[in-house]
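S.K.: Below are the chains, spelled out letter by letter.
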Amino acid sequence: MSPRGLFLLWAAAFPFAWAGTVSGAETAAKPQLVVEEFMGGTGGSAAKLVRKSLERSGRFELSGTTGQYLVRASSSAGRIDGALVDTKGSVLFNNHYDSSDLRDNASAFADDIVAAVTGEKGMALSRIAFVSDQSGFKEIYVCDPDGQRVQQITRDRSVSVSPSLGPGALLLVHTSYTSGFPDVYVTNLRDGERDRIINAPGTNSGATFSHDGSRLALTMTHEGDPEIYLTTVTGGRSKRLTESQSVEFSPAWAPDGERLVFCSDATGAPQLYIVPRRGGEPERLATGVAKCTDPDWSGDGRLIAFTAWKGGDKSVAIYEMETGRTRTVLSGAADPCWAPDGRHLVAVQAGSLVVLNVSTGKKEQIVTGMGKITEPAWSR
Amino acid sequence: MPHVLFHRLTTAAVALLVSGCTMFRGSPDDFTDDAMEMQPNPRRSETPSLLGPGSERITTGTLPVIRFAPESWRIMVSEEPKILTVAHWFTGHPERVLVTAGAHAATPEYARQLSDLRSQTVRRALIAAGVPASKILTVSFGEDAPAITQGGVAFSVIGTGEKP
Numbered sequence: 001m002s003p004r005g006l007f008l009l010w011a012a013a014f015p016f017a018w019a020g021t022v023s024g025a026e027t028a029a030k031p032q033l034v035v036e037e038f039m040g041g042t043g044g045s046a047a048k049l050v051r052k053s054l055e056r057s058g059r060f061e062l063s064g065t066t067g068q069y070l071v072r073a074s075s076s077a078g079r080i081d082g083a084l085v086d087t088k089g090s091v092l093f094n095n096h097y098d099s100s101d102l103r104d105n106a107s108a109f110a111d112d113i114v115a116a117v118t119g120e121k122g123m124a125l126s127r128i129a130f131v132s133d134q135s136g137f138k139e140i141y142v143c144d145p146d147g148q149r150v151q152q153i154t155r156d157r158s159v160s161v162s163p164s165l166g167p168g169a170l171l172l173v174h175t176s177y178t179s180g181f182p183d184v185y186v187t188n189l190r191d192g193e194r195d196r197i198i199n200a201p202g203t204n205s206g207a208t209f210s211h212d213g214s215r216l217a218l219t220m221t222h223e224g225d226p227e228i229y230l231t232t233v234t235g236g237r238s239k240r241l242t243e244s245q246s247v248e249f250s251p252a253w254a255p256d257g258e259r260l261v262f263c264s265d266a267t268g269a270p271q272l273y274i275v276p277r278r279g280g281e282p283e284r285l286a287t288g289v290a291k292c293t294d295p296d297w298s299g300d301g302r303l304i305a306f307t308a309w310k311g312g313d314k315s316v317a318i319y320e321m322e323t324g325r326t327r328t329v330l331s332g333a334a335d336p337c338w339a340p341d342g343r344h345l346v347a348v349q350a351g352s353l354v355v356l357n358v359s360t361g362k363k364e365q366i367v368t369g370m371g372k373i374t375e376p377a378w379s380r
Numbered sequence: 001m002p003h004v005l006f007h008r009l010t011t012a013a014v015a016l017l018v019s020g021c022t023m024f025r026g027s028p029d030d031f032t033d034d035a036m037e038m039q040p041n042p043r044r045s046e047t048p049s050l051l052g053p054g055s056e057r058i059t060t061g062t063l064p065v066i067r068f069a070p071e072s073w074r075i076m077v078s079e080e081p082k083i084l085t086v087a088h089w090f091t092g093h094p095e096r097v098l099v100t101a102g103a104h105a106a107t108p109e110y111a112r113q114l115s116d117l118r119s120q121t122v123r124r125a126l127i128a129a130g131v132p133a134s135k136i137l138t139v140s141f142g143e144d145a146p147a148i149t150q151g152g153v154a155f156s157v158i159g160t161g162e163k164p
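Top line first, the protein sequences correspond to chains A and B.
So the first sequence is numbered by the working numbering: it starts at 1 and just counts up by one.
So the second sequence is numbered by the working numbering: it starts at 1 and just counts up by one.
For the record, the hints were derived by calculation from the structure and aren't laboratory data.
By construction, the Cβ of each residue, glycine as well, lies at the ideal position given by its N, Cα and C atoms.
There may be inaccurate statements among the hints.
[To be verified] Partial selection, computed: residues in chain B whose CB lies under 7 Å from chain A:
1. Glu37
2. Met38
3. Pro40
4. Pro42
5. Leu51
6. Glu56
7. Thr60
8. His104
9. Ala106
10. Asp116
11. Leu117
12. Val131
13. Lys135
14. Asp144
15. Pro146
16. Gln150
[Claimed, not checked] Have a look at the derived ranges for each label pair, beta carbon to beta carbon:
17. B/Ala147 - A/Ser352: 22 to 30 Å
18. B/Gln150 - A/Arg240: 30 to 38 Å
19. A/Ala350 - B/Pro146: 25 to 33 Å
20. A/Gly136 - B/Thr160: 28 to 36 Å
21. B/His88 - A/Asp256: 34 to 42 Å
22. B/Pro42 - A/Asp256: 26 to 34 Å
23. B/Met76 - A/Gly236: 25 to 33 Å
[What the hints assert, rightly or not] With the C-beta cut set under 7 Å, the calculated list includes, among others, these residues of chain B facing chain A:
24. Arg43
25. Ile83
26. Thr85
27. Pro94
28. Arg96
29. Thr107
30. Val139
With the hints as extra help, turn the sequences into a complete structure.
M.R.: Here it is as structure tokens:
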């Protein structure tokens with residue numbers, strides 16, 4: 001019998017025996033979850049991974065006995081049959097996760113729980129790309145949101161920089177000097193196939209995926225000064241978006257793909273500007289910060305994270321689109337990038353990769369001791 | 001029954017084709033609403049560079065380095081005589097020169113683009129001083145520039161490949 005069949009049999013045999021332990025009162029606080037022990041040979045490991053992912057999401061109170069939702073599952077040979085049940089005994093979902101990797105299955109299950117309870121995206125199954133020089137060369141690495149499973153992607157022994165990950169971390173785009181010049185490459189992370197998509201004269205760099213993964217924005221210089229261009233992941237054609245005699249760089253997409261935020265030093269120190277995807281006059285964001293770099297637009301469109309510079313000091317700040325207010329969220333850090341859940345940021349602080357829950361202020365160091373780490377990019 | 005099977009197989013094949021396309025190839029240019037406004041990207045002709053193939057043909061250190069103020073791409077008055085020195089060098093040499101730019105800036109990406117603007121500015125200055133544009137190649141590294149740039153713009157002579 002398949003694992004799914006076993007689960008359904010098990011579920012039928014123990015119909016909501018836990019119901020008496022669940023609190024029916026929903027509070028304004030975080031939803032309460034009860035994560036039962038998972039049955040099956042890999043149940044213990046699976047439960048631990050799911051519980052950690054749910055904790056890291058920062059969205060739930062994990063309770064041992066009482067809660068508004070029950071997480072129930074079995075796991076064997078790394079596969080998971082997982083269900084989420086509410087206080088009325090209704091099964092919100094009952095899914096089978098059959099990736100070859102237990103960790104991936106646990107992450108997918110945790111993200112489904114987040115989506116079912118909050119209606120929003122989770123981040124457990126996402127990945128983070130970054131640059132490290134620990135090999136003596138700048139190469140691209142990818143890791144999980146908790147810093148586990150660090151994987152070296154490029155082995156060019158050249159200069160590989162400026163990574164961006166598409167939705168689901170299936171595609172990586174980055175700049176490499178393998179040819180001797182800065183060209184843009186797209187790599188399929190499933191099979192490692194890599195294509196050089198842009199080798200225009202000059203510098204081609206800073207490519208970043210739109211939230212839906214269909215487009216790229218980057219800086220190219222083949223027409224003179226560094227300008228922002230739009231292209232697709234095939235890279236054959238592009239559309240110029242800016243025109244000035246200054247440096248335009250670090251574009252990032254609004255979640256609806258209709259606008260972009262980027263940096264320009266047109267007035268001196270770099271500032272943030274917003275421009276419509278279809279073209280138009282860029283509009284400067286009144287951040288109140290003298291020097292701003294590394295903007296990234298949150299998945300809900302409400303916030304733009306960026307690095308705020310004051311003298312030699314740097315910090316991660318957030319600009320609120322609705323109010324026009326800017327607030328510092330992490331001192332001594334730079335290079336912020338939003339998680340797909342729009343609640344967490346990855347940044348570089350004191351040479352380490354840190355993840356910040358913007359809602360709670362809780363910070364976690366996830367990668368350290370890998371030489372100089374720069375340019376983190378969370379999958380869309 | 002056979003036609004149902006055929007329909008399912010056809011549907012599965014189309015689904016596989018579509019998912020395969022969108023997974024790696026993304027939306028082809030023709031499928032985007034920007035397509036009409038997009039222009040073909042030019043391609044660089046492959047030439048020797050310090051980090052790439054042909055680096056053995058490159059000689060460094062024979063010409064002066066142009067320095068810049070921090071996070072600036074404008075040529076300082078103090079550096080203008082060096083531009084003239086380099087321009088004068090071309091009169092007696094048939095070789096091409098690789099203009100290699102570096103920069104230290106707030107972020108690695110800003111440094112890459114700032115160094116590109118530095119190399120372009122120097123290129124324009126050399127052309128204005130009478131150097132043929134075809135003699136000047138540029139490459140910009142930002143903070144990853146070889147030490148010869150000293151954070152500014154260095155000149156490397158590209159040998160013709162002919163044995164002396």
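S.K.: Does each hint fit the structure? Answer for all of them.
M.R.: We went through each hint and held it up to the structure:
no. : hint                            : result
1   : Glu37                           : holds, 5 Å
2   : Met38                           : holds, 4 Å
3   : Pro40                           : holds, 5 Å
4   : Pro42                           : holds, 5 Å
5   : Leu51                           : holds, 5 Å
6   : Glu56                           : violated, 12 Å
7   : Thr60                           : violated, 14 Å
8   : His104                          : violated, 13 Å
9   : Ala106                          : holds, 5 Å
10  : Asp116                          : holds, 4 Å
11  : Leu117                          : holds, 6 Å
12  : Val131                          : violated, 18 Å
13  : Lys135                          : violated, 15 Å
14  : Asp144                          : holds, 5 Å
15  : Pro146                          : violated, 10 Å
16  : Gln150                          : violated, 18 Å
17  : B/Ala147 - A/Ser352: 22 to 30 Å : holds, 27 Å
18  : B/Gln150 - A/Arg240: 30 to 38 Å : holds, 33 Å
19  : A/Ala350 - B/Pro146: 25 to 33 Å : holds, 28 Å
20  : A/Gly136 - B/Thr160: 28 to 36 Å : holds, 33 Å
21  : B/His88 - A/Asp256: 34 to 42 Å  : violated, 55 Å
22  : B/Pro42 - A/Asp256: 26 to 34 Å  : holds, 31 Å
23  : B/Met76 - A/Gly236: 25 to 33 Å  : violated, 40 Å
24  : Arg43                           : holds, 6 Å
25  : Ile83                           : violated, 19 Å
26  : Thr85                           : violated, 25 Å
27  : Pro94                           : violated, 22 Å
28  : Arg96                           : violated, 14 Å
29  : Thr107                          : holds, 5 Å
30  : Val139                          : holds, 5 Å
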